[in-house]
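*Asks:* Chain by chain, the residues:
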Amino acid sequence: MEAVLIIKGIIILAIFALSLGIAAYETYFERVVAAYIQDRVGPDYAGPAGIFQPLADAGKLFFKEDFIPALADKSLFILGPSLAMLTALLTSAVIPFGDSFIYEGQKILVQGIEVNIGILWVFGIVSLGVYGILIGGWSSNNKYSLYGAIRAASQNISYELAMGLAIIAILMMTGSLSIRSMVEAQHGFNWNIFYQPLGFIIFLTCSFAECNRTPFDLPESENELVAGYHTEYSSMKLGLYLFSEYVNMFISSAVIASLYFGGFNYPGMDWVYSKFTSIWGATVGHNWATVIGICVLMAKIFFFIFLFMWVRWTLPRFRYDQLMDLGWKALIPLAVLNMIITAAAQLSGKPLWIGLILTLIIMLVIFLPAIKKRTVKA
Amino acid sequence: MDILGLLKNMTITHWSFYIVSMLTLFGALGTIMSKNPIHSVIYLILTFFSLSAHYIMLNAQFLAAVNIIVYAGAIMVLFLFVVMFLNLREENEELPKNSILIAASIVGGIIGITLIAAIRQTQIEKVNPYSFNTKTGLVETLGSLLFNKYLLPFELVSVLFLIAMAGAVMLGKREKGERHF
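One line per chain: the protein sequences are A and B, in this order. Just so it is clear: in the first sequence, position 151 is 151 by the numbering used here, and no numbers are missing. Just so it is clear: in the second sequence, position 141 is 141 by the numbering used here, and no numbers are missing.
Only chain B is shown next, with the shape it has when bound in the complex (with noise of 0.2 Å):
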């Protein structure tokens, strides 16, 4: 098959979905490859946007708006905080030893085979276009799922919540004696 035809016959949404992935993968590359930290969380960002690109072609909006919210706009803004106060820029002239980077591409390798091989060998069940419900990836939808099928687990992930937050607060309260800065 010619790519030309090919091209001709794509839809818009192939070409999103195209366009959308090679944005995802560049972010991705970038965020490894970058020597500069900062560039690196820049990068990140891309990567998460593009997702949630991703996730709203799947018609699932609830999970892009969350993903932009606690990804992007909360978890992210934190290392780029973190990272700035840091000030990499001097210490991150020298790349490491060759065996060391020889070492880590041999893993990342083998892992990234690993998981191509398993997402391979899944059956993925197919879906019927025709009866498939287009409003499962909604808001109402999620609700009455997590509040209906999967409440246990629901209720106990929100008492981890609020046990991680008693325990940040715990980390952050300051001791007797202690001074203030």
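If we strip away everything but chain A, and leave its shape as in the complex, we get (with noise of 0.2 Å):
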């Protein structure tokens, strides 16, 4: 039972360094992808390719002066800071980020906590998330920061709704709030982005919305609120925010990659298994398919956060009252009409058909108008 806890308490330790670590050299990728698609050379001059970046980022963090302006609400203005950091790593808690290791014939699951209101968890914290923007922008007595805060609040609070409603999709297929057991149920390349196309693009949009990644950065867009909630913030409490948002990219690409593209399961899985348990035995042929999962979950979560970085140094930002109707007039139409497929494609039997079919159908959406321009043109 002792052995157990500390391996338990290891993995756990393990997924809250690994969420730090990732969101450190988070930065010094998105300087990368941003140089390579702006066809620049990029940071190259702290280590080898400029790897040593991030540590020298917050080095200099630390050491900047600490400043909190006079007229600041203080308490609260240092509860800002701390209040995003922490709800941004409470969400990785239920997140399966593997199998299960067997140790002395008992299983032990890659994940902070096994509940059967795993997504619920990870919607109730996402909704919180907007404390520390709300808080700090508020506490710092500046007009400023408190138009960021309230652009930041209105926008989580009207993209939360369309997210909500493209999880209770997920929720209609596998009947389970539990995150381990919607990824169980995408066992065998049985994805739910092909059963659920629409609802993916709902949910990516709203998490690029919720991460106040761009297009959506209106809470901090520079040519009109100056640096939006955290104008009056410096060292490492500007660093914390800068910091949170990366730590939220990170847990939203695990969040897609489990709830739309099988999490640790990849095609072939089964039969690694079976390799790996004749060659070294049942238990450690086990742990190491375990292992190979953590990496592809790895591997799909990465992907994500390209795609975030990609994203964010291709498109320009919205207008707000683009994002406002985006928000309510298209996302959450669009996110009941998915609901309401998705009842009817359970009760039809051949869920996948139809999957496939609006697959299809929003591919023509998307790609039709910018093909007609390409003939025209020629």
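No lab work stands behind these hints, which were simulated from the structure alone. Idealized CB from N, CA, C, for every residue including glycine. One should not assume that every hint holds.
If you only want the chain A side, here are some residues facing chain B, beta carbon under 8 Å, derived [as the list claims (entries may be wrong)]:
(1) ILE113
(2) VAL115
(3) ILE117
(4) LEU120
(5) SER127
(6) LEU134
(7) TRP138
(8) LEU146
(9) ILE150
(10) ILE157
Assembling the complex is the task here: the two chains are given apart, and the hints tell you how they should meet.
*Replies:* Here is the structure:
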């Protein structure tokens, strides 16, 4: 029992360290991706190919002057960035990063806690994420910070609704709130993306908005609001705000990968599992198969992190009324439609066909205008 | 009984119960005692959080999650939002008159005493720990109960919500000739 608890503790610590470490290196990759897209060199001074850039950044942030405005609400000014970081890190508790390790005949899940409210936990913590920004922006006693905070709040509330409706469609398919059982239901290339193309697009858009990433980074749009909610912040408090955005990005990539792309499942995993267990025996083989599953999930997560960055350096920012129109007039009706389609597909007994037809329709809607334009030009 | 012996005999559940209860009371007192409305709202969020912790200790996970999503996540964000817009800082300097304070504390005290007396009077059913179903608070049990035994009230509540939603849309609708700001 003791050893099992220790291993569980190590797993939890590893997940915690991983989310921080990946978040740190996301800042580096963001610069590399931005440099590549803008045809620049990017960071290359700190270490070989600039890989020590995050450390240099952190060092710089720690040694800058920690400034609190005279009329700011001091306690809340400090609470703001702490809350932002806390809520960003809490979500990873319920995400299954891998199957399980066997130690002395006992299965230890590679997950912080396995609860049957997993997705509700994620949803609840995401809805709390706005407090950090809201409190920080208000306590700065600066009108631009307040505008940024209020924008963040209304944006998060608006996009949460569509996000929740998209998740309901997934719940209708799996019949469980636990993320682990959702992932296990996708075993054998039975990924939800084939059944839920519309839901995936809605969820992806909403997670961009919830992370305050471009094209939805209205709370910090520099040409309207100086720097938005973190105008008055400096030193590591600013660092925590920026860092929490990257942690959020990592976690939302993990959630997207688990909900729609099969989590730690990959095609041919049963074959790998049987090979491994025949070579190394049941216990060691199982553990190695789990390690491969973790690596696969990480690859999926990195793909989505790259997608976040790709979009950021490709698309311009929305105008605020466009953002609200998209959230309320496009995404929520689409999410309701998606729910109805999912219900019909589940009842019809052929959900896969309906999902694939829906994918085709979505592809046509997205790409037809582009094709038309090209043919007109030619 | 000496306090030290009592402390030694407490289990982890006891400890967490007392800590969470203290947090709840701290949050509740902070809500009514802080002068700044924004601080009040933040204390109230803390209270909701510790109430959710209580639900989790009762193994009512679904209730805990929904409490966080609905109250801490949605309603309190709107509260904070509105309070920030109102900018109550300057007007809040002077406290209301003494007579109002005395009247308020008498009314509050009477309500509190009545509540405590009522709770003491009610006979709460004792649960047998050996035959108790630990899955009572989980989603599956709750769902099947709502959709079997309490189907009619559940459906009526959903109709009520629909009406409220339609009403909110009607209230928020811009009338003809009204300016878009």
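*Asks:* Against the structure, test the hints numbered earlier, and report the numbers of the ones violated in rising order.
*Replies:* The structure breaks only hint 1.
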